[in-house]
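Protein sequences appear in the order of chains A and B.
Just so it is clear: in the first sequence, position 42 is 42 by our numbering, and no numbers are missing.
Just so it is clear: in the second sequence, position 93 is 93 by our numbering, and no numbers are missing.
Be careful, since some hints might not be right.
The calculated EDC-like cross-link candidates involving lysine to aspartate or glutamate, where the alpha carbons are at most 16 Å apart (straight line), are [claimed, not checked]:
id, chain 1, residue 1, chain 2, residue 2
1, B, K39, B, E121
2, A, K224, B, E116
3, B, K224, A, E16
4, B, K102, B, E183
5, A, K224, B, E183
6, B, K224, A, D162
7, B, K39, B, D162
8, A, K105, A, E16
The following residues of chain A were derived to be distant from chain B, with all beta-carbon distances above 12 Å [what the hints assert, rightly or not]:
id, residue
9, C21
10, D40
11, D162
12, P177
FYI, nobody ran anything at the bench for these hints, they're computed from the structure.
All C-beta atoms, glycine included, are put in the ideal place defined by N, C-alpha and C.
Protein chains: 2
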Amino acid sequence: MLRRVRPDQHGPFDLEEGGCCIPDCQLAVATVVELTEAKDNAILVTTWYSGTHQIFRDIYIGPDHALNPNRYFIVCINQIGDGLSTATHNADGPNAELATSKFPKVRIGDDVVAQERLLREHFGIATLQLVVGASMGVQQTYEWAVRFPDKVRCAAPITSHDFLYTETLNEQIWSDPGWNGGEYKSNVDVLDGLTRHAHIWGVLGFSTEFWEQEVGRSLEFETKEAFLERFLEPDSTVMDPNDLLTLA
Amino acid sequence: MLRRVRPDQHGPFDLEEGGCCIPDCQLAVATVVELTEAKDNAILVTTWYSGTHQIFRDIYIGPDHALNPNRYFIVCINQIGDGLSTATHNADGPNAELATSKFPKVRIGDDVVAQERLLREHFGIATLQLVVGASMGVQQTYEWAVRFPDKVRCAAPITSHDFLYTETLNEQIWSDPGWNGGEYKSNVDVLDGLTRHAHIWGVLGFSTEFWEQEVGRSLEFETKEAFLERFLEPDSTVMDPNDLLTLA
């Protein structure tokens, strides 16, 4: 079940870097099955850069999978700016002034503050049995453990994510003349930059073993070029460039 | 001792992909100390993408280092196109027609054929005690072992190098409008692309441990940003973009 929930019912959501806020911040939240009356069986899943709750829900959650929905209430919260949650490309109504290049800088701390508030105010959850995330979700997992140590019983960071890498991805967008300082008409204007983005993702977003063992073949991509062209490139080029920059 | 040597005294150097050749191919060769009369103590060092014989000579060669010059005659041969050997940016005289964007496609096989011919014709070396190289030098090391198995007693490939990665580096150059299809006036015209090239190199050309252990500090770079700005960026931006494309 996916719905959009306001972490803050009482007004705009203030951001760590200050100077601005999100007038109407809404987070896309997927939940699986049931919170106990004592509200003591919650697991939070954070999302990775360019990813959503979807893969986690499809792959990690199940009676025989890593996260058992018969025992736990599992909440996946999409990051601010990812396009399911409030983002530059869906900024309208009270957020209209944040459209295109005007979306404020959002930090991992903002995501985690919003998540904590949402869990507390909307679900009444005071303690999490587990916070788990991969890649940029790891940054949120660590941030939870540091910022709210009393609320996190276990933390499971899967892999990691780093700043220098993300900069190289951003630069593919910035360097495309079609990006135009964020004032493009459509993601298609930034096709070249997003395609290069996909290629770097291909090198760094996958393990050496993925390529060595030719895992792409089991996904019906006969060659590494086919995996790039028919999987990774379409995956990047459908995305909104400014949303990607917000997430990064 | 560094000198330029022709692998082929008898005319133009033909290339695997055919259709063209290098009229006057010269390889920059650094040798350390002495070949025995029997010519049976030679080690070949191949070079990596954007690198030259220099670091290998400075770091790997010495009585207490990996390669002992008191026992071995060590030959470092720079790849075709690297700028010390014949390359687009030094193409003049008989090679004038190969200047700027007109340098032909050179393959690892071409490098290895040229090296074998040079060692045989110029030095009279029939057998190598060792072929050793890192990164793109590994590709040459493997190529030697496959193409001339009888001539290679030992092969030491250090790390590896891959095609998808190199493509992302090339794309930084191609995507810079200043590159202009290879017809730029100076590498400064491609400053933006070469700077992005440096950033990707920073992420992928170094190990996780390099960044985790903050090795840059021991080299007097206080932050990772300083290492990027004062070491990696100048290292890429002084290079000739077409030379880098030839090597890749």
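Status of the hints after comparison with the structure:
1. K39/B <-> E121/B: Judged against 16 Å, a Cα distance of about 13 Å means the pair holds.
2. K224/A <-> E116/B: Violated, at about 32 Å.
3. K224/B <-> E16/A: violated, 24 Å
4. K102/B <-> E183/B: Measuring from Cα to Cα gives roughly 9 Å; hence the hint holds.
5. K224/A <-> E183/B: Distance of about 31 Å is beyond 16 Å: violated.
6. K224/B <-> D162/A: Holds: K224/B and D162/A sit about 12 Å apart, inside 16 Å.
7. K39/B <-> D162/B: violated, 34 Å
8. K105/A <-> E16/A: It holds: about 9 Å lies between the C-alpha atoms, which stays within 16 Å.
9. C21: Consistent with the label, C21/A stays out of reach of chain B, its closest Cβ about 29 Å off (over 12 Å).
10. D40: Label holds. Min Cβ-Cβ 37 Å, cutoff 12 Å.
11. D162: violated, 8 Å
12. P177: violated, 7 Å
Comparing the model with each earlier hint shows violations of hints 2, 3, 5, 7, 11 and 12; every other hint is respected.
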